[in-house]
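Trainee: Protein sequences appear in the order of chains A and B. Residue 188 is where the first sequence starts when you use my numbering, and the numbers rise one by one after that. Residue 74 is where the second sequence starts when you use my numbering, and the numbers rise one by one after that.
Hints should not be assumed to be uniformly reliable.
[To be verified] Estimated spans, in silico, between C-beta atoms of each pair:
id, chain 1, residue 1, chain 2, residue 2, range
1, A, P257, B, R140, 24 to 30 Å
2, B, K125, A, A189, 29 to 35 Å
3, B, Y112, A, T225, 16 to 22 Å
4, A, K255, B, G114, 23 to 29 Å
5, A, E231, B, R140, 26 to 32 Å
6, A, G190, B, S156, 19 to 25 Å
7, A, D244, B, R182, 17 to 23 Å
Calculated from the structure, these hints are not laboratory results. Note that beta-carbon positions come from the ideal geometry of N, C-alpha and C, so glycine has one too.
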Amino acid sequence: DAGVIQSPRHEVTEMGQEVTLRCKPISGHNSLFWYRQTMMRGLELLIYFNNNVPIDDSGMPEDRFSAKMPNASFSTLKIQPSEPRDSAVYFCASSLQSGTGLGYTFGSGTRLTVV
Amino acid sequence: GNSVTQMEGPVTLSEEAFLTINCTYTATGYPSLFWYVQYPGEGLQLLLKATKADDKGSNKGFEATYRKETTSFHLEKGSVQVSDSAVYFCALSDPLSGANNLFFGTGTRLTVIP
């Protein structure tokens, strides 16, 4: 099992540019989560999907952020336009069945730096 | 609502010292409890879990017991190693309350010095 795969591992971009982060969940998992981690705010849930459907996006900071899950094996988190305050590590996680005590499997994260 | 409160860090210990990281929770239903560990430059990894009261989760020498009476899930290890240096997160999931995600504590950074 390759685990949750995120790409890229590192991204450096200029303010105003569009950034797309990608995630491939574990095969068979039907829940997918996007988190953001910063020193100031810790770990924040941005959005999660069940069976490819967005369930709760209340953690998405603002309209510049959007997430999609076109199929069970792929999700993207897009920031357009990016700003320096978006600099953080973004994690994707997946779960076989959300909320059943099985826990989540996290990817290695994408470290985003907006200059 | 659901929330997790864990011990503020950072924690610095000498090798072979005893470790306790406190975690208490608030939940509307009957949560499952977790400890995750994040090593430098990596994602979070599940360390151990307990799904009902009085269960003890254990892994890699770490233990935590689900105490319903004190709403706690403290992480312990009898003898820490330098390789245990990481950030530790307590978390809960409470499916019966309708919540559909993990609630994380703020994390506790542990540094073990030789």
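Trainee: Against which earlier hints does the structure fall short, listed by number upward?
Mentor: 1, 7
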